[in-house]
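For the sequence shown, the residue numbers in mature numbering (1 follows the signal peptide of the UniProt record, and there is no 0) are -33 to -1, 1 to 280.
A few of these clues could be false.
[To be verified] Distance condition first, Cα-Cα at most 20 Å in a straight line; then the derived SDA-like pairs of lysine to any residue: (1) K161 <-> E261; (2) K216 <-> E239; (3) K78 <-> G54; (4) K216 <-> T240; (5) K78 <-> P46; (6) K216 <-> L170; (7) K161 <-> T116; (8) K216 <-> A278; (9) K216 <-> L244; (10) K78 <-> R5; (11) K161 <-> A246; (12) K78 <-> D133; (13) K216 <-> P204; (14) K78 <-> D56; (15) K78 <-> G53; (16) K161 <-> G187; (17) K78 <-> R7; (18) K78 <-> I49; (19) K216 <-> S169; (20) K161 <-> R149; (21) K161 <-> R145; (22) K161 <-> A279; (23) K161 <-> T270; (24) K216 <-> V190; (25) K161 <-> E185; (26) K216 <-> A192; (27) K161 <-> Y245.
[As the list claims (entries may be wrong)] Label pairs and their computed distance ranges (CB to CB): (28) T213 <-> A138: 48 to 56 Å; (29) T235 <-> D269: 21 to 29 Å; (30) R131 <-> A208: 51 to 59 Å; (31) P46 <-> E189: 39 to 47 Å.
Simulated from the structure, these hints should not be mistaken for lab results. A virtual CB, placed ideally from N, CA and C, is assigned to each residue, including glycine.
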Amino acid sequence: MSLLSNRRPNRRLILAGALGAATAAAMPARPFAAPAGRRRFGVTLHPYYSYVANIVGDAAEVVPIIPAGFNPHAYEPRPEDIQRIGGLDAIVLNGIGHDDFAGRMIAASAKPSLPVVESNADVPLLPAAGTAARAAGKVVNPHSFLSITNSVLQVATIARELGRFDPDNAAAYAANARAYSRRLRQLRADALAKLATAGTTSLRVATIHGAYDYLLREFGLEVSAVVEPAHGIEPSPAQLAETIATMRKLDVQVIFSELNFPSAYVETIRRETGIRLYAFSHISHGDYAPDLFEREMARNLDTLVLAMAEAAP
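Please model the complete structure; the sequences and the hints are all you need to start from.
Right, here's the structure in full:
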């Protein structure tokens, strides 16, 4: 069954809520240019821009529907961004909680029946981390793109569905997806080769928020504690004290925080526990670029290798 559809709602694509119009000035998105008259495929998040740009090459245009520089966790749809949807032929979504704003934008656009590609349809999903996230109904962890294996699965799904929508270029999309996936798998293979001599596979880790479970599980690591109740929600003093006590009890060796999101309590944890602190990229900053996902995931993998090597006996 095709996953390119205009059916909403569905079990993976959470599209709900009322449109909150805003008046902030627009920052122009930088689409991956294509020859005139070609298909225009929308995306919501930086990793999906990279996925789709590498799949379509110069056969189609990739259009971010929100400008670079906005935090997708706090983004509210704006009229000028909604207008962008009217010129799309289809849109590729995370669809499991990271870009819920897209549903409101599509519903308010000139194309309320815009075909949607559900990127995560074939991805084994993890439960959401943090009590606040679960209480808000976020039953799955939406950060599936922070994993090489899951990214390869999403790339295959996107290429297949865009090929069904654009059959003239289906073969090219499939070939491009295979080449891109080979590069992604090579990143993972290179990291595993470096870890072969790291000397530890039992690293006990904590994370500031629940985004990195997919990446860490891919390398055999389980998260022992998550500091934030939900992404962007700082823990109360009591919650922070409880988390610090948990990390001490479990003998956590490494904490992974997030680049570009400094928090005062992160330094408090480091000072109180002495646990090594490393930062991963959330791949949500900077300009949209076809190579952004590869660059940022290479950085994440280097960080993971360093953390495991430095924690080795």
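Of the hints given before, which are not true for this structure? Result: hint 21 breaks, nothing else.
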